[in-house]
Amino acid sequence: DQQVKQNSPSLSVQEGRISILNCDYTNSMFDYFLWYKKYPAEGPTFLISISSIKDKNEDGRFTVFLNKSAKHLSLHIVPSQPGDSAVYFCAASAVGNTPLVFGKGTRLSVIA
Amino acid sequence: EAQVTQNPRYLITVTGKKLTVTCSQNMNHEYMSWYRQDPGLGLRQIYYSMNVEVTDKGDVPEGYKVSRKEKRNFPLILESPSPNQTSLYFCASSHANPTDTQYFGPGTRLTVL
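Protein chains in written order, with the working numbering: chain A, 98 to 209; chain B, 1438 to 1550.
Read the hints as simulated data drawn from the structure, not as lab findings. Warning: the hint list may mix true and false statements.
[To be verified] In silico DMTMM-like cross-links for lysine to aspartate or glutamate, where the CA-CA straight-line distance does not exceed 20 Å:
#	chain 1	residue 1	chain 2	residue 2
1	A	K151	B	D1537
2	A	K153	B	D1496
3	A	K165	A	E112
4	A	K102	B	D1493
5	B	K1508	B	D1537
6	A	K102	B	E1516
7	A	K168	A	D98
8	B	K1494	A	E139
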């Protein structure tokens, strides 16, 4: 039973445009969400997070939106750059700082 | 330099031959974790440790063991590897909780024949 779902395995975007990566979750106890980015042959690196008390968190070109009623979050990258090409994992933790549950990842390709 | 190191980076072995993948962090982190990444399945947690001598099962612990005798080290042990344990393994650490930024090692690609 997949608690964190990233339904798009891949996404292609032109350089300079907006990239929107989506993530849905089923566990209503999740209260903290994170995005990790992974380049080939490297370990994942933390990108941005959001607590359930917020509906938006912004860090430079990266913004995460949380819609609790829909159990949906999205990562917006504006403007997209070729260096953003990577696999992006959505992750969630439940109340009490439980271990992270990761989605399957979305491979983003930013085309110059 | 703050980092998580894993060894070996690549390993090809045969079914049943015990192996250990080491993980070490130099950030004095309390929380450490092992994940495996498989195509189409994303990252799945194998085991985690909240502190020295405190370990717990993740989502896919079968066939694995861990130990946390020192804060910096968190080895992953496969007592009798099987082909379904062929995977890419990542060790990670964070300050105290899983929701703190987790720093991942570079990965160990294991093939079990």
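(message) Could you work out which of the previously given hints the structure breaks and list their numbers from low to high?
(response) 2, 3, 4, 6, 8
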